[in-house]
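Take the two lone chains and join them into the complex the hints point to.
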Amino acid sequence: QKEVEQNSGPLSVPEGAIASLNCTYSDRGSQSFFWYRQYSGKSPELIMSIYSNGDKEDGRFTAQLNKASQYVSLLIRDSQPSDSATYLCAVKISGGYNKLIFGAGTRLAVHP
Amino acid sequence: ETGVTQSPTHLIKTRGQQVTLRCSSQSGHNTVSWYQQALGQGPQFIFQYYREEENGRGNFPPRFSGLQFPNYSSELNVNALELDDSALYLCASNPGGGRLNEQFFGPGTRLTVL
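Residue numbers (the working numbering), protein chains in the order written: chain A, 1 to 112; chain B, 1001 to 1114.
One or more hints might be untrue.
[Said to hold, decoys possible] Computed spacing ranges between beta-carbons, pair by pair:
(1) B:1014 x A:39: 25 to 31 angstroms
(2) A:15 x B:1063: 45 to 51 angstroms
(3) B:1014 x A:53: 49 to 55 angstroms
(4) B:1101 x A:10: 25 to 31 angstroms
(5) B:1026 x A:41: 21 to 27 angstroms
(6) A:10 x B:1110: 20 to 26 angstroms
Source of the hints: derived by calculation from the structure; they are not laboratory data. A virtual CB, placed ideally from N, CA and C, is assigned to each residue, including glycine.
So that you can see chain B by itself, here it is in the shape it has in the complex (with noise of 0.2 angstroms):
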């Protein structure tokens, strides 16, 4: 159990749509990466923030944005959705320290679009 919740679980869209996906990390927890994960892919690196502030970003466009929260919950919003974007979108956080480097995921968000 790492503490990462993520929601909703499932969610199904249509094309052009907009989507926002939730993840609350453990208290403490102040940078969390988004990832989407392909089938049979392993995980690509969207963005990352720290302190509410994106610190990085991975090769996506502008369409995908986040949000980081005072309480460092975040959020990952995908707008003009296209069927590639059907994915698995984990949530990953630091719990900082001597496991700075480490990173843990929530369940994910497993998105489809039709």
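So that you can see chain A by itself, here it is in the shape it has in the complex (with noise of 0.2 angstroms):
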């Protein structure tokens, strides 16, 4: 069973539409999740970080999280075509050091 499971996609999306990104774990000891763009050919950055249960919004970005249900999304508003890109989800593993399991990605294609 993976660990960090997100859809491949492609999720196709109209310019100045909801994106939503989702994302379910399997450690339910976990506490701290995070979500990274990668655009093609380069390394991933760090866009959300979210520690509680419900929603953190940072500009266009919101990340929602429910432990209970082990799921984490990220949605971005008025989506854009610079907003292409492949997103990544994170999930620190519960105790110890400072691991991150991630998923495989969602491509996401924002059209004009």
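Now the structure itself:
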């Protein structure tokens, strides 16, 4: 069983729409969750971190966490073509050192 | 800009050779992690160094080894290269303090094994 799961996509949305990206994880003890954006040929860039149940907003991005359901999501409002990238969900393992487990990523395509 | 640098940018090796990849993080970032990202996959944790000691390791064989230096720069060494070692190798550092769990990646080294 994969530890962090994401739909591979591609998720295609029109410019200006809301893009919704989802992630589930298996480690019930995990307390730290992250979303990274990765453009083709580049390294992952941290865009959101969330630690508590509920919503966290930063500009056009909103991260949502539900620990009971072991579910994390990322909403991108007013999607732009420049948002087209692969979005990686990462979960810090419970206990010990700072190891992140990544999903395989969801490819987002925003078309004009 | 994360302040994490890696060298070289690209590297081509043949099977059985050895390779050393380098990483420099921002001043004060005393934890560095290395990840391997195969094409179409998420990054996979190789190991982590804290104050020059390895304090965590993923499911990688012993031919993957590392070092962290007093200035917190780091090396990843891979011996006896295999074709499956072809990947993007990423170094990540932690700023510590209130952002202890956040990791910021360098640009990566693209390794091709022929």
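Consistency of the hints with the structure:
1. B:1014 x A:39: 25 to 31 angstroms: For residue 1014 of chain B and residue 39 of chain A the Cβ distance comes to about 30 angstroms; the hint holds.
2. A:15 x B:1063: 45 to 51 angstroms: holds, 47 angstroms
3. B:1014 x A:53: 49 to 55 angstroms: holds, 51 angstroms
4. B:1101 x A:10: 25 to 31 angstroms: With Cβ atoms ~30 angstroms apart, the hint holds.
5. B:1026 x A:41: 21 to 27 angstroms: holds, 24 angstroms
6. A:10 x B:1110: 20 to 26 angstroms: Since the Cβ atoms of residue 10 of chain A and residue 1110 of chain B sit about 23 angstroms apart, the hinted range of 20 to 26 angstroms holds.
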